[in-house]
Structures are given as C-alpha cells and as structure tokens.
Amino acid sequence: MSSPREILDLLGENARYTTEDLAHMTEFTESEVEAIVTEFEEAGAITGYQAVINWDRLETNGERVRATVELNVALDRETNYGDIAERIAKFPEVTSLRLVSGDYDFDLTVEGDSMREVSHFISEKIAPIPEITQTVTHYIMESYKEQGIEFDDQDDDDDRLSVSP
Amino acid sequence: MTLEPADRVDSVPPSGIRRFFELAEEMDDIISLGVGEPDFSAPWAAREAAITSLERGQTSYTANRGKRELRTRISRFEADAHGLSYDPDDEMLVTAGASEGLDLAFRALLNPGDKLAVAQPCYVSYVPGATFAGVDVVDVTTRAEDEFKLTREVLEASGAAAADALVYCYPNNPTGATMTGDELREVAAFCREHDLSVFADEIYADLTYEHDHTSIATLPGMRERTVVFNGFSKAFAMTGFRLGYAMGPADAITAMNRVHQYTMLSAPTTAQHAAIEALDSCLDEVDEMSAQYDRRRNYVLSRFEEMGLACFPAAGAFYAFPECPWDDAEEFAEALLQEKRVAVVPGSAFGEGGDGHLRISYATGLDELKTAMNRIESFIS
Numbered sequence: 002m003s004s005p006r007e008i009l010d011l012l013g014e015n016a017r018y019t020t021e022d023l024a025h026m027t028e029f030t031e032s033e034v035e036a037i038v039t040e041f042e043e044a045g046a047i048t049g050y051q052a053v054i055n056w057d058r059l060e061t062n063g064e065r066v067r068a069t070v071e072l073n074v075a076l077d078r079e080t081n082y083g084d085i086a087e088r089i090a091k092f093p094e095v096t097s098l099r100l101v102s103g104d105y106d107f108d109l110t111v112e113g114d115s116m117r118e119v120s121h122f123i124s125e126k127i128a129p130i131p132e133i134t135q136t137v138t139h140y141i142m143e144s145y146k147e148q149g150i151e152f153d154d155q156d157d158d159d160d161r162l163s164v165s166p
Numbered sequence: 010m011t012l013e014p015a016d017r018v019d020s021v022p023p024s025g026i027r028r029f030f031e032l033a034e035e036m037d038d039i040i041s042l043g044v045g046e047p048d049f050s051a052p053w054a055a056r057e058a059a060i061t062s063l064e065r066g067q068t069s070y071t072a073n074r075g076k077r078e079l080r081t082r083i084s085r086f087e088a089d090a091h092g093l094s095y096d097p098d099d100e101m102l103v104t105a106g107a108s109e110g111l112d113l114a115f116r117a118l119l120n121p122g123d124k125l126a127v128a129q130p131c132y133v134s135y136v137p138g139a140t141f142a143g144v145d146v147v148d149v150t151t152r153a154e155d156e157f158k159l160t161r162e163v164l165e166a167s168g169a170a171a172a173d174a175l176v177y178c179y180p181n182n183p184t185g186a187t188m189t190g191d192e193l194r195e196v197a198a199f200c201r202e203h204d205l206s207v208f209a210d211e212i213y214a215d216l217t218y219e220h221d222h223t224s225i226a227t228l229p230g231m232r233e234r235t236v237v238f239n240g241f242s243k244a245f246a247m248t249g250f251r252l253g254y255a256m257g258p259a260d261a262i263t264a265m266n267r268v269h270q271y272t273m274l275s276a277p278t279t280a281q282h283a284a285i286e287a288l289d290s291c292l293d294e295v296d297e298m299s300a301q302y303d304r305r306r307n308y309v310l311s312r313f314e315e316m317g318l319a320c321f322p323a324a325g326a327f328y329a330f331p332e333c334p335w336d337d338a339e340e341f342a343e344a345l346l347q348e349k350r351v352a353v354v355p356g357s358a359f360g361e362g363g364d365g366h367l368r369i370s371y372a373t374g375l376d377e378l379k380t381a382m383n384r385i386e387s388f389i390s
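These protein sequence lines are chains A and B, in that order.
Under the working numbering, the residues of the first sequence are numbered 2 to 166, in order.
Under the working numbering, the residues of the second sequence are numbered 10 to 390, in order.
Zero decoy hints are in this set.
Going by beta-carbon spacing under 10 Å, a handful of chain A positions derived as facing chain B:
{"no.": "1", "residue": "22"}
{"no.": "2", "residue": "24"}
{"no.": "3", "residue": "27"}
{"no.": "4", "residue": "163"}
{"no.": "5", "residue": "164"}
Just the calculated beta-carbon pair ranges, DEER-fashion:
{"no.": "6", "chain 1": "A", "residue 1": "153", "chain 2": "B", "residue 2": "203", "range": "52 to 60 Å"}
{"no.": "7", "chain 1": "A", "residue 1": "4", "chain 2": "B", "residue 2": "153", "range": "30 to 38 Å"}
{"no.": "8", "chain 1": "B", "residue 1": "24", "chain 2": "A", "residue 2": "160", "range": "15 to 23 Å"}
To give a feel for the contact side, a few chain B residues facing chain A, derived at Cβ under 8 Å:
{"no.": "9", "residue": "26"}
{"no.": "10", "residue": "34"}
{"no.": "11", "residue": "39"}
{"no.": "12", "residue": "43"}
{"no.": "13", "residue": "44"}
{"no.": "14", "residue": "45"}
{"no.": "15", "residue": "48"}
{"no.": "16", "residue": "50"}
{"no.": "17", "residue": "132"}
{"no.": "18", "residue": "133"}
{"no.": "19", "residue": "304"}
{"no.": "20", "residue": "308"}
{"no.": "21", "residue": "354"}
By construction, these hints were calculated from the structure, which means they are not laboratory data.
Ideal Cβ positions, reconstructed from N, Cα and C, are used throughout, including at glycine.
Looking at chain B on its own, in the form it has when it is part of the complex:
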C-alpha cells in the first residue's frame, strides 16, 4: 500500500490542543486565553526592515548558518542579555524558529534508540520530535508542589540518570514556571554526574519577571554539554517570521547544520533582515512589552487569588497555570467555552503532570483579560 503514514508518524497522536481549537473556531465572540503567542505585532522598525529588504530585492538564500550580520548581533545580544559567549562563525546556527533547532538537535545529536529525558509539562513538540527522530522518551514529570520546577528529586525518580540528554524549557510553556541560577545548579550537577547533554529551550528568557534569567550553559562544566535555543518569536513578538537560533559547541552546531543545510537550506531571508533591525533598534520595545506582560501577570494572579483559584506565582513567559476547580480539566475547559465563551487549554495537552490544571495565556489586552476574569469568576462561583 502506498502513501500510508509511516509507523513512527502514525504513533504520534494529534495535538491535544487541536480539539479546543476546533471548538473555539466554531464560536463567535469568544475571548481566548488559549493563545501561545504575543498579542503585539512585531516592532514596526523590524517590519519596515523586512519591507525594505523586499523592495531591494534581497530574496535569495543566505548562508546555511544564517547571515553573518545577524549572527554577530545575536552573539553580542546573548552576551549582554544572558552572559553567554558564542562564536558567531562556529557556534551558532540561525533556524526557522527555535522549533527547527530542537528538531535538528534531536536528529543530529542523538541516535535512534537513545534516551531523551523530557521535562514536562512542556511545549507540545518535544515528545513528537523525539519520536520522529526514533529517540525514546523518558518522562520527567515536574510537580505542582515544586511550582513545576525541575529538581534533582524528580530527575532521579524518573530514571533520567539513564538518559543521554535532557530537554527542558524555562521560563516554561505551559506553566509560566521559571528557574533561578541556584535551582539550575542542582540540575546542572545531576547532568554532569550522569553525563547528560542538555537542550535548553530559552525562547521565553526575556520574559522573566521576578529574577534575572540564568542560562544553564553559563554554569561550570555545562557549556560543553549544552545547546541553547532561543529566537525572535516571543520577546520580539515575531512568531510569523519563523526565526530562531541554536548556540552550542562547534561540533554540535556543525552536525545540526548538516541536517539543516539539506532540509531547510537557510532560515527565511526576509525574517533575517527583520531580526537584524530588531536587535539594532527594538530592545526598548521588548522591555515595554515585557512590562505589559508583567502587569497582566500581576492582574491575573491577583484575580485568581480573590476568586479562590489556587495558582502558584508563575514568574515567566505569558502563562499562568492554576489548578482546575473541577476533577476533569478538559470538561471544565469545554464548559467554560460553551457557557462563558472563554477559551483556555487544559494542562493535559502539555504532557505528563499537566492534568488537573489550566493554561491561561495573558497575551491578551487588559480589557479583554478583565472581562475574561469576570466570566471565569462567575463560572466558578
């Protein structure tokens, strides 16, 4: 039989988010707190740079690793913002979103049958990405009582010691959890002891509100075993440009680039022009957007507290992850959508440990957020 899905593809179920998307799409007049991307448009200067590059006819491929002007700026930005030091020529690869970078890492740095420890709940692509690469997943389930942080205890309990690599995302989607430098030290020590590589998805790094973001690659003995992923989608509000980057030791980046050069060739050229401008002139706007998210975060957390919805003080990204007041979070989310026209995503859509919680995205204007909170309050009271 031809054109049948391959077994490894067939084994991956459709995203749990899909059902809510379909329900929400059928309804008018909903307020969605189910959106995993900024409500802001990309900064105008970045958009204008994209337009100008098109007017100038700059529509060719770029170098596989990305335009050098962009890589040098990323290198400088990561040094200033996160204390990371990566050579723009040998230790950096510009990708079509951080998601492409993670897929490249799974395929280029792991062998089929290797074990990848996946800290969950997490972004929906890690487990399927590992499966497509023929890699076995070790579920590392973070716990509500730890505010969904990764701890030595959960790593040990999950059997991650036997894994070849660990992938995590902090600040985290869907929980909004962050990890401080001290908390990461414990994870770093575990990875050194058990010789795990680390794939650190830091796409929300610049949306960290209560402390400075620490990259695990800055901790002793970690740079050589870590690939860091970041991009322009979240803090720069440039999701549709599809632009991210990976930074790591030269050999790892060379291996990832080998897959990238045959599958993607180069990241979108127009987006690279926009990103150069974004790094040159839009950092103030990033700060302003971050300040706005922080206010909304305070707003949402205060309202949850007042309405008696238990929620840990999520300190990053643009998500809060309250406990669901009903036993069945999916049923709750569906009823909330049908009766109050507010869309939220049940935590179970994000893998192990998410059950019994709701992902609330506050990437929504304050007026809508206020109306949505009023509706949730009246729904649960």
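Okay, chain A solo, but in the shape it has when bound:
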C-alpha cells in the first residue's frame, strides 16, 4: 500500500521523477501525486530541488571553491543560537549551516569562486560577528560522496551477462 511518505522517498532519491513516473511507481494517480507534493511543499517538508554536482568533472570555469568552517560562539542573555544562526544563514555564500555537538558550535559550508573570495568572506563577514569567538576553516580538496551519491562509483558499471536465465 502506497503512503505519501513514499513520494518523499522517491523525490529524495531523484527529484527529476515526473508526476507521471511517480504515479506509475506507486498506487497514486497523477493528480493525487500532485496534491501530495503540493502539500509537502506548503508544509515546508520539501524545501527545494537540487542536482548533486561533481564540480571536478567540469573542465572549464565551473570549479567552485568550498570550505567547511567550524565556529565557536559565546552566548549571552539576549542572544541564543537561533539568533546567531539567522544572521549567518542569510549570506548567499553560506550553503549549509548546522548546530553541532562537540568541540565547536556551528558547522557551516561556504562556497565561492576562489580561495581568496571564500577567505575574504569569512574574515570580513563571519568573524566580525560579535558573538563569534573563533573560526577554523577547512578547504575541501576532493569530494567522494555527496548527499548519498558516490562520485566515480565503479559499481555503476553493469558487468552482468546481457541475457541470463
């Protein structure tokens, strides 16, 4: 029996499945699929649809510089984590922002066209925020897996016999 959750699982796996594909794979009709997707979108459960990109595969000009940044913050009576997060998340250079347990407070990902641009952004926009006490920047040198998708996955080669019993 199909459940609306199945539509989420399928879109999480491949956001390019068409309404028709989704209807074919589940027990829902196309209009039911549309209604379910709209409901998830309106409820904010589906917040966007993005491709998973292996930038290293682009030959020219496509390469983006990415860094993960560890942030430590000092809270006071008037400021909580949410307040600080809201300020940081607004910058378009920040592609992800998470509050984490452990040695530091926030883990963010920053993207730019060059190392200079990313460094400049962190030193000029992030570090000066008064509650921030420390930043540690790690430039990403190579990405092997993103959002559950392994890059250059050799398992993709189908070496099965073309016809077998």
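Put chain B on the given structure of chain A with help from the hints.
Relative to the frame of chain A, chain B by itself:
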C-alpha cells in the same frame, strides 16, 4: 570412440536463452530486460567481510555442511523471516548456490527411473538436472488464466499423482507469480494424498510484494516431506558469490551431503564469510532493494496496462510475464532486439506453458526501464 558426450547429456538441448544471449552480445547500446539477476552489487558490508577474510588468509575448505557460524545464522534468519525451524547441525546444508542444492536433491533423493513433477514455466535447470540424474520428468504446466499458480486441477491433469516428487519455484522465475498460504494448502494436500516429496525452490522468497511469503514446509504434514532451497543470490544480490542452502529432514540432508562432500567438498569459503556478514548487518539493504524492485514492478505493470499489453499482476521476484502481442514470441523478441535494441526473453525458453509470453526482468535502473518501456510501446503501436 572416446570423449563423446554421454547419451543423457546429449539428450539435453542447449538452453533456449543461449540464442538471445548471442544475438544481444553482438549488439551495442542495447537495454537488456533479459537479465535473471539483480542489478545491485552485493551490500558493501558483505563484500568487505569477504575482503577481510582473504586478508586474514581464511582460504581453506570449511566443514562439508558449511561453517557452523553461518548455519546458525541461517537457522535464525529462516525462523524470523519465514517461520521455518531447522536445526543448523542436522537439517541444513550450505551449497554452491541453490542450483547445487537442487541437483543434490535430484541425485540423492530420487532413483533413476523415478518421476519428478516439474511445475512450469520454470527456471531452466530443473528439467536438465532431472535428466542428468536419470529421473523422468512429468510436465506440470501452469496456466495463464491461473496467473501461473500451481493448482490441484493442473496437478491432477498432468498426472503428477503418479510422481515421486514435485519441484517448483515461487515466487517464480520467469513469471513473477507468487502463491499465498491458502493457495499452497491445496498443493500440500495433493502432495500428502499422493505421497509426493516436495523440493521447494524459495530463492525469491524475500522478493514477495503483495503478501507475506509462505513456505510449504510450514504447512501441516509437509515438513517431513519437503526440502526447502534458498540462498543469497537474489534478495542479497550476491549471485557471483555462489552461495545457497538446503533445509530438510536430517536423513534427506545427510543423503544430499553425501553427494556434496564428494563432488563439491564445501561451498566457497570466501562467500560463506560474506554471507555471515550479510545476515548480521545487511537486512535493511535487502528491504531497500526489495522496495526498489516493487516500485519498478508497479512502473512496468502500469506501463503495460497503458500500452494495452496484457499482463497479470506478478507479485514476486523481479519479472513480469506479459502476453506477447504477436503469435510467435521468439520472432517478436528478435525483432524487438533488432529494431528497438531492447532484449527480452521469450517465455518458451522456460519450458511448457511459457509460449506466447515474454519474460521482462525489471532488475534494471528506472531510467533504463523507462527508455525500454518507451521503445516497447513504440514498437507495438
């Protein structure tokens, strides 16, 4: 004259699949819906366990019946998943694929001249296996109007009452048909009435989509006359590891082991290490793969319905078995391959009752499946 094939080998024709394999191999850029194995690789944890066992130098034979750690896990898994209860020491044999187990059963539990009722269409090895064992085959031809299920009626009509044993596979290759507990009860009653042993090939048990899988061995009075075959090839996507197992009454397993110990000695050791890990940590992946097949099954069946290709709602394995729109399914399959570069297998390759149908394997990624369905649609319209 030396090195001439023995008569019983010579009497078995080459597999009907062979011709399509050769045609498909000559062509580039085909999408094959003719593959009888998963498109997924074995779960990584199982592969890593195999690698680790090799690094540790665990490359010796194992006990004839298989590593005890593996048999105890299989015993637990079969109890949890299918309600079967078999003693790992006396009632279980680890084999090189379920196919070896079936061959052992034919040779160890039947005498030359005995009769084996073979429910068809079926996997290509049963009839040749029986012939190699000198056993006579009784064709039990399931019918499209019964959705290729085994019924008392077809058993009676085929003369299976006079057979010594019955072999079947549900969920079925090539049809994708499954049997519910109630439907199996009828078969069980027939086998008890006519004193037939049962060889139940349950290799696709964990790829059953619309109801729970029932093993005939769980039905009253059946355990003592049944050998159940299963393995890691399909649900665990471990075909190349060649690992299966047989479960049955102690005497039957002892007899099968007598042939196994002289011919195979033990199932592949590396594969046994992988299988232990598969049972310990890969059941979630099995569920995920099963969910993927189920979506593809829905997809394929919906598309067939839309393009007007008659197909019963196959509820298991990873096959659909639509009626061929042409009179000659072989001709159709060949033309589809030549003109649209989609490989399917004509049902006649799987024995009696398969003629006029096509086996469509949906063990293929959805994007390719979609392209293949579009090509089939344009071919038949």
